[in-house]
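2 protein chains.
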Amino acid sequence: MTDRRLTIVGAGLAGALFAALLARKGWQVDVFEKRGDPRVKGYEGGRSINLALAERGLHALKQADADGPVMAQAVMMRGRMVHFLDGRVELQRYGRDDSEVIWSVHRGDLNITLLDIAERAGARLHFHRGFVDADFDGCVARYRDGRDGHVEAVPFVALVGADGAGSQLRAAMDAYRPVGERSEFLDHSYKELEIPPAPGGGFRIEPNALHIWPRGRYMCIALPNDEKTFTVTLFLPNESPGDDVPSFANVRSPAEARALFERDFPDALPLIPALEQDWARNPPGLLGTLTLERWHLDRRAVLVGDAAHAMVPFHGQGMNCAFEDCVDLARRLQGEDDLGSAFAAFESARKPNASAIQRMALDNYLEMRDRVDDPDFLLQRALEQVLQERHPGRFIPHYAMVTFMRIPYALALARSEIQRVILEEATEGVAALSEVDLAAADAAVLESLPPLQDAAPP
Amino acid sequence: MTDRRLTIVGAGLAGALFAALLARKGWQVDVFEKRGDPRVKGYEGGRSINLALAERGLHALKQADADGPVMAQAVMMRGRMVHFLDGRVELQRYGRDDSEVIWSVHRGDLNITLLDIAERAGARLHFHRGFVDADFDGCVARYRDGRDGHVEAVPFVALVGADGAGSQLRAAMDAYRPVGERSEFLDHSYKELEIPPAPGGGFRIEPNALHIWPRGRYMCIALPNDEKTFTVTLFLPNESPGDDVPSFANVRSPAEARALFERDFPDALPLIPALEQDWARNPPGLLGTLTLERWHLDRRAVLVGDAAHAMVPFHGQGMNCAFEDCVDLARRLQGEDDLGSAFAAFESARKPNASAIQRMALDNYLEMRDRVDDPDFLLQRALEQVLQERHPGRFIPHYAMVTFMRIPYALALARSEIQRVILEEATEGVAALSEVDLAAADAAVLESLPPLQDAAPP
Chain B
1 MTDRRLTIVG
11 AGLAGALFAA
21 LLARKGWQVD
31 VFEKRGDPRV
41 KGYEGGRSIN
51 LALAERGLHA
61 LKQADADGPV
71 MAQAVMMRGR
81 MVHFLDGRVE
91 LQRYGRDDSE
101 VIWSVHRGDL
111 NITLLDIAER
121 AGARLHFHRG
131 FVDADFDGCV
141 ARYRDGRDGH
151 VEAVPFVALV
161 GADGAGSQLR
171 AAMDAYRPVG
181 ERSEFLDHSY
191 KELEIPPAPG
201 GGFRIEPNAL
211 HIWPRGRYMC
221 IALPNDEKTF
231 TVTLFLPNES
241 PGDDVPSFAN
251 VRSPAEARAL
261 FERDFPDALP
271 LIPALEQDWA
281 RNPPGLLGTL
291 TLERWHLDRR
301 AVLVGDAAHA
311 MVPFHGQGMN
321 CAFEDCVDLA
331 RRLQGEDDLG
341 SAFAAFESAR
351 KPNASAIQRM
361 ALDNYLEMRD
371 RVDDPDFLLQ
381 RALEQVLQER
391 HPGRFIPHYA
401 MVTFMRIPYA
411 LALARSEIQR
421 VILEEATEGV
431 AALSEVDLAA
441 ADAAVLESLP
451 PLQDAAPP
Chain W
1 MTDRRLTIVG
11 AGLAGALFAA
21 LLARKGWQVD
31 VFEKRGDPRV
41 KGYEGGRSIN
51 LALAERGLHA
61 LKQADADGPV
71 MAQAVMMRGR
81 MVHFLDGRVE
91 LQRYGRDDSE
101 VIWSVHRGDL
111 NITLLDIAER
121 AGARLHFHRG
131 FVDADFDGCV
141 ARYRDGRDGH
151 VEAVPFVALV
161 GADGAGSQLR
171 AAMDAYRPVG
181 ERSEFLDHSY
191 KELEIPPAPG
201 GGFRIEPNAL
211 HIWPRGRYMC
221 IALPNDEKTF
231 TVTLFLPNES
241 PGDDVPSFAN
251 VRSPAEARAL
261 FERDFPDALP
271 LIPALEQDWA
281 RNPPGLLGTL
291 TLERWHLDRR
301 AVLVGDAAHA
311 MVPFHGQGMN
321 CAFEDCVDLA
331 RRLQGEDDLG
341 SAFAAFESAR
351 KPNASAIQRM
361 ALDNYLEMRD
371 RVDDPDFLLQ
381 RALEQVLQER
391 HPGRFIPHYA
401 MVTFMRIPYA
411 LALARSEIQR
421 VILEEATEGV
431 AALSEVDLAA
441 ADAAVLESLP
451 PLQDAAPP
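Just so you know, the protein sequences line up as chains B and W, in that order.
The opening position of the first sequence corresponds to residue 1 in full-length UniProt numbering, with each subsequent residue numbered one higher.
The opening position of the second sequence corresponds to residue 1 in full-length UniProt numbering, with each subsequent residue numbered one higher.
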C-alpha cells in the first residue's frame, strides 16, 4: 500500500484499538469522536460499564501491547456462580482450571488505555467531532462539534466506521448505496443496577465469578468491577401473557421492581441499596442483532465491530469479536495492494464468523436463563469434560471453542452443532454420568469430528 | 395408537387442515376456536387477506382432498412483476415455465374449504371458544366464550396448538414448564392497502404476477385476489436516520402516505383510490421470528405452524411450512405407538427445517426490496437457469428448491449456500452471461453439489 492514510470514525474500544494497531505500523491515522476526551473529563460512555474479555480479545490487545495495563485491572471470572431461588449457590467452572477463565474489564479504563497507546504511536485524536455525513464522490466528511454546533469538512482517503450499533457512517454509506441492513430486536430488554462495595471496602459477593440468577423466562446477572462494585443486569421480557410472568410492561415503578426482587431474587435485593434510584434513572436497554449485506463501499469506507454486526450480549463476545475484526483488517491492510481489496477480503473472511457468533449469542440467552439449573444440562457439561479428556484436539466443549480459542466462530458453531447431537444422544434417558455409554459416544466423536487441526473451516 | 383422540386449539388454516387430516383417518377430533364460524358470519380474520400457495402447501392440501376447490379459486402468479421508479415494468419468472409457478389464494375461502372438509370427516368444531389455560396435571383445558364471558372446562387427551403466533396454548405450556421462547422483531413493519377492481370489473394490473416496487431500503408488493382486487403491502423501516429515508416514524398521516406514494410509487398511487382511508384504518403490523427450544410438553401438548415458529412473510412459506407440519405430525401419529414419541419425532424432524425457512425468509426481504433491480442479481438468475439445464438434479435454483420441491428446507438452505458461492465466483467481474467461464462453473458444481437424490439431509 503506498498511500497509508486512514480516517477512523469513533474512538470507542474498536476505534481506539484499530488506531493503535495501524499507527504502530506507520499509518497516518486520524480518529474523529463525538464525545469528549475521557482522559480529560472522565468517561461519558453509556451502558455496560464492564465487559468480559476472553482469549480473542486478549490476543488482539497483545498485538497493540495493551494487555499489560488492561490485565492489571481485570477481575478474573472462573465460572458462573448460579444463585438458585432457595438461596443455594453453585460455581460452574467455565474451563478445566484457572488457565481457562474470562476477565471482567472496565470499559472506560480499557478505552483510556487504548487511546493512550494509539496517541503515543502517532494517531491523531479529534474529540467533540461527531460524524455528520460524507461526500463519497469528493472524499470529504463532515463532523459537528456538539458543544457549539460548528461543522467542519475534512477530506479523507478512506473511512473506517467504528462508531457502534447506531453508526452514523453506516447511515451515510446506506444513503449513498444501500448496505442491505437488517436489525432484529429481541422481545426482552435489560436494566442496569449496581452492587456497591461492602462497608469495609471489599466485594459484597464472590468476586471471581459471573453471577447468574436464572429464572427460566428471565434472569439477573452481575459482573465484578475493579473498584469492588458489581454491575447487575436484569433481563426481562418486554411484554408478558399474564401478570404472573414479570415483564417491563408489568414491572414499571421502582416499587414494582422491589417487589419483583423480593419474590424472585431475595438474596440479591439486600446487595442493591439504591435499587429504586437505579431503576428510575436507567431506561431499559434494547437487545438487537444487526446484519448487513455489505460492510464496505469499494475502497472508500468499511465498517468494523458493532457498526457492522451488533449482537446481543449473552456470549460476552461483542468486544472480543470487534477486536478480532480490527486485527484482521489491520493485517489485510498490510498485506493487500489496495484498500478496496483489503476491505473486500476482510468482509468476506469476517462476515460468516460474525454471523455465527451472533447466532450463538442469541442461543446463549436461553442457556443462561433457563438451562444452567437443569440436571440434563449439567450432565451434558460433565460429559463434555470427559469427552474432552478422552479426545484431545477433537472434542472441545462449545464454550471453550468460543471463549478460550481463536478458531473461526463459524467453525466453532459447526463443530458445536455436531457435538450437541452427540451429547444429547449420549445422555438421553440417562440420569448420571456413570450410566452414559461412553464407547458409543467415543465412536460418535471419532466418526463425526475430525481432529481440529485438519478441520477445514466451513 | 389405541386412544385416537385429540383436541386442536385454533381453527385457522393449520388447525382446520390438521383436523381434516386426522378426522379422515378415524381420529376423534375436537377443535376449539376463539372466533365465530366464518361460514356463518363471514371471515373475521385479521391480516394478510391473500397468501402464496406453493408446492409444499399444495401437496398437503392434496392429502386432505382439498386441492380441487382451493385451486378453482386460486390465481396463478408466474413471477415477480418488478415496477421500476421510472415506470418501466419487467416480469421475472419464478421458474422455467407455467409448471413452476405459485398461487395466490384467499385466506378466508381457504379456511372455509378446510373447515367443511374437516367437519364432513367427523371433526367437531367448537366456535366462540377461546383457549384460556390448561391444567396439564388434570388434563382439563378452559375456554371462554367471548360473547358472554362464559368459561367452560373440557377434558383433553392431548392438545395441539394451531393458534398462531400469539398462541395462548404456548403461553400455558410455558407457564407450566418453560418452552425456551425467543421472539425477534424486525426493525421494519407493514401496512395493508387495497387496489379495487377496474371500473369494468376486471383486474387493474397484470393478475398473474406478484408485483414488487423495490426501493432499496423499503418496498411495496401486491398480490392478486380472485375477486379482481389486489392486496398491497407497504414495508417500511420503523425509524430512519433522517427525513430523506421514509419510515413509519416520519410517514404517519394519510397525507404523508400520499406524498410518499407520489414520490416513490407514482404508478401505484392511482390504483389505490382509498389510500388515505386504508392508511388510517390499518395499524402497522409487526414482523417477527419466533423460536422455541421445545415444541411439545411430553404427550400432553404440541405446537404446529406459527404457534411453534412464526416467521417473516418474505418467502411466502409460512402457510406452506405450517401445512407441511400438519402432514408430518399426522403421519407420525399414525406410525408411532404413543403420542409422546410422535410429538418428539415430529419436533426433532421439523425444528431444523423451520429454522432454515425462517432464515431464508429473512434473507428474502433484502432480495425483494434491494436486489431484484440489480444487474448482478439478474445475471446470477440467468446463470442459475443455465446451470440447472446443464446439471439436472444437481444444480437447482434456490427459489425452486424452496417453492417447487418438497426437499427439507434445511437441505435447500445448505445447497443454496453452496450454489450462492458458485454463482458469485462465476459472475465476479463479469457483465454478461456470455462472459461467464462455464467450464469453471461446471467443475465447481460437480465438485461441491452431490446429485440431489444422494444428498443426505444435513
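For the record, the hints were derived by calculation from the structure and aren't laboratory data.
Among the clues, some could well be false.
The list treats identical chains as interchangeable, and a pair is accepted whether it falls inside one copy or across any two copies.
[To be verified] Below, a list of computed lysine to aspartate or glutamate pairs in the EDC-like style, where the Cα atoms sit at most 20 Å apart: (1) LYS191 x ASP135; (2) LYS191 x ASP267; (3) LYS41 x GLU152; (4) LYS351 x ASP363; (5) LYS62 x ASP30; (6) LYS351 x GLU239.
Just so it is clear, the structure is predicted and the values come from calculations on it, not from any experiment.
Going through the hints against the structure:
1. LYS191 x ASP135: neither (39 Å within a copy, 34 Å between copies)
2. LYS191 x ASP267: The answer is within: 18 Å in one copy meets 20 Å, while 47 Å across copies does not.
3. LYS41 x GLU152: neither (23 Å within a copy, 65 Å between copies)
4. LYS351 x ASP363: both (19 Å within a copy, 15 Å between copies)
5. LYS62 x ASP30: Result: close neither inside a copy nor across copies, 22 Å intra and 65 Å inter.
6. LYS351 x GLU239: The answer is neither: 33 Å in one copy and 25 Å across copies each exceed 20 Å.
Violated hints, listed in ascending order, are 1, 3, 5, 6; each of the other numbered hints is respected by the structure.
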